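Quick note on the working numbering: the sequence shown kicks off at 55 and runs consecutively.
Treat the hints as calculated values from the structure; they're not laboratory data.
No experiment lies behind these values; they were computed from the predicted model shown.
Mixed in with the good hints there might be a few duds.
What the hints assert, rightly or not - Below, simulated SDA-like cross-link-like pairs (lysine to any residue); rule was C-alpha separation at most 25 Å, straight line: (1) 318 <-> 407; (2) 435 <-> 448; (3) 531 <-> 515; (4) 537 <-> 407; (5) 552 <-> 563; (6) 435 <-> 333; (7) 443 <-> 455; (8) 552 <-> 541; (9) 322 <-> 231.
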Amino acid sequence: MIMEKCKVGFGDYHHHDDEEYTKLVFGSEANKDGIHSGSGATIKVEKLITSFVIRYVKAERVRSLHRLKLWAVGSATAAFFVCACLLQLTTLTEFMRQPTSIFPSSPQQHIAPPPQRVYDSNGFLMVSANGGLNQMRSGICDMVAIAKYMNATLIVPELDKTSFWNDQSKFEDVFDVDHFITSLRDEVRILKKLPHHHIIHHNPPFSMPPVSWSNMSFYHKLVVPRLQKYGVIHFTKSDSRLANNGIPLELQKLRCKVNYRALKFTPKIEETGKKIVELLRRNGPFVVLHLRYEMDMLAFSGCSEGCNTNEIEELTKLRYAYPWWKQKEIDSMKKRKMGECPLTPEETALTLRALDIDPAMQIYIAAGNIYGGQRRMADLKLAFPHLIKKETLLEPSELDPFRNHSNQMAALDYIVSLESDIFIPTHRGNMALVVEGHRRYLGFKPTIIPNKRLLVYLIDQYRNGSLSWNEFSQAVKSGHAGKFGNPTPRLEIPGKPKEEQYFYSNPYECLPPFTQKSS
Numbered sequence: 055m056i057m058e059k060c061k062v063g064f065g066d067y068h069h070h071d072d073e074e075y076t077k078l079v080f081g082s083e084a085n086k087d088g089i090h091s092g093s094g095a096t097i098k099v100e101k102l103i104t105s106f107v108i109r110y111v112k113a114e115r116v117r118s119l120h121r122l123k124l125w126a127v128g129s130a131t132a133a134f135f136v137c138a139c140l141l142q143l144t145t146l147t148e149f150m151r152q153p154t155s156i157f158p159s160s161p162q163q164h165i166a167p168p169p170q171r172v173y174d175s176n177g178f179l180m181v182s183a184n185g186g187l188n189q190m191r192s193g194i195c196d197m198v199a200i201a202k203y204m205n206a207t208l209i210v211p212e213l214d215k216t217s218f219w220n221d222q223s224k225f226e227d228v229f230d231v232d233h234f235i236t237s238l239r240d241e242v243r244i245l246k247k248l249p250h251h252h253i254i255h256h257n258p259p260f261s262m263p264p265v266s267w268s269n270m271s272f273y274h275k276l277v278v279p280r281l282q283k284y285g286v287i288h289f290t291k292s293d294s295r296l297a298n299n300g301i302p303l304e305l306q307k308l309r310c311k312v313n314y315r316a317l318k319f320t321p322k323i324e325e326t327g328k329k330i331v332e333l334l335r336r337n338g339p340f341v342v343l344h345l346r347y348e349m350d351m352l353a354f355s356g357c358s359e360g361c362n363t364n365e366i367e368e369l370t371k372l373r374y375a376y377p378w379w380k381q382k383e384i385d386s387m388k389k390r391k392m393g394e395c396p397l398t399p400e401e402t403a404l405t406l407r408a409l410d411i412d413p414a415m416q417i418y419i420a421a422g423n424i425y426g427g428q429r430r431m432a433d434l435k436l437a438f439p440h441l442i443k444k445e446t447l448l449e450p451s452e453l454d455p456f457r458n459h460s461n462q463m464a465a466l467d468y469i470v471s472l473e474s475d476i477f478i479p480t481h482r483g484n485m486a487l488v489v490e491g492h493r494r495y496l497g498f499k500p501t502i503i504p505n506k507r508l509l510v511y512l513i514d515q516y517r518n519g520s521l522s523w524n525e526f527s528q529a530v531k532s533g534h535a536g537k538f539g540n541p542t543p544r545l546e547i548p549g550k551p552k553e554e555q556y557f558y559s560n561p562y563e564c565l566p567p568f569t570q571k572s573s
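Full structure from sequences and hints, please.
Set out below in structure tokens:
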């Protein structure tokens, strides 16, 4: 009967037996609950989902709904929830069964470069990218699209060397610069350096930061005339300088082309990232946890849940020491309740347990040094003993070329994140957003997006005894039905670009046709 209702609401879906998925999501102990394996006895995903939903509905009717006051009661709500679970868990199963990879399965044949686009250049565009690796990555994609629109000649962007990470890497230390130039030659002319005679005549060049979230009219009316006047323009910022929506389709697709095809990491980074993935794969499926509980994030955000007095003081001093971190006085408790803080390692452990992630699963930590060290990681380590970092997989000599280069180390984590069976970020920062979008582009590989505002509320209720473990776990599961990075149109909020869905987290215009049909 439940499946009949879902067919009415969502159409007829094809499901398959998937023992590996059952073990991955519901744990290796699933057989004790009547989930069997073996020829002729493997339970279908529909039955698993139905069982899960029935348990949820019963628990919610008896206890959870009247306490949490989070969802309305009614048969329509129940039917919608059942269908959402069916749709999302089935999608998750399908992509776990048919993984896609950024690494080709067989040697690639040499492909001739595209023909060079011929156009009269209006001048040279120089760019100083700003932020960490993924903030710069998305900014560079925007700059290529803007350069094409303005008929400009783009100079290979300069990476940020003044940020918190103090990484002195150049573009060619992180990305394959020759591939970048060649693969985009049919879109825009790109040079490694400004020609010498222009350096002499335009020293210093006219500099400006583009207005954040601008549409093309800004560049047409204000920037192109200046480019034609001065011959060289230097953009001092690159982050979020192009709107998410209202951009011509050709340029939206170009943003994707840059991001997913032109911005390849250097061969050394790709080779090392591939080795990490291969080492993980030897032991089966793995989850990547982007645990953004690092010193810079906590200082910047003002979040200090679980920190002691000395740590809070250290984070506050760091925040005041960086002038470009504009907000200084921050109410950590209020911000946490609003869901604006990264989940702590302890909160993360509770969340993964509530979602029934198998304790035997490999959990790869995609992050730098976790603030508070082993003391803060104890709960997560206890719940999931197989925590892994690149430093534990590789020999020190293999990581030596990348040490003290945060962007190159982040590039390794980026590769592993794309290749993982499930990606779970604990904060909606730049890496989480860009990886989520890239995984969508690769065929909607499962990404669990934590609802932090809900989680914080539920965790506090559980800790103070207002919720039992079963109530807490069921509420976490129901709150994340539909949070697997599934096919959806991008959320638009006119006039509020910071609140709407980021283009690079859901590049809907660029997704393969089969994924668009699934939405």
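Against the structure, the hints come out as follows:
no., hint, in the structure
1, 318 <-> 407, "violated (36 Å)"
2, 435 <-> 448, "holds (20 Å)"
3, 531 <-> 515, "holds (15 Å)"
4, 537 <-> 407, "holds (17 Å)"
5, 552 <-> 563, "holds (20 Å)"
6, 435 <-> 333, "holds (20 Å)"
7, 443 <-> 455, "holds (17 Å)"
8, 552 <-> 541, "holds (21 Å)"
9, 322 <-> 231, "holds (13 Å)"
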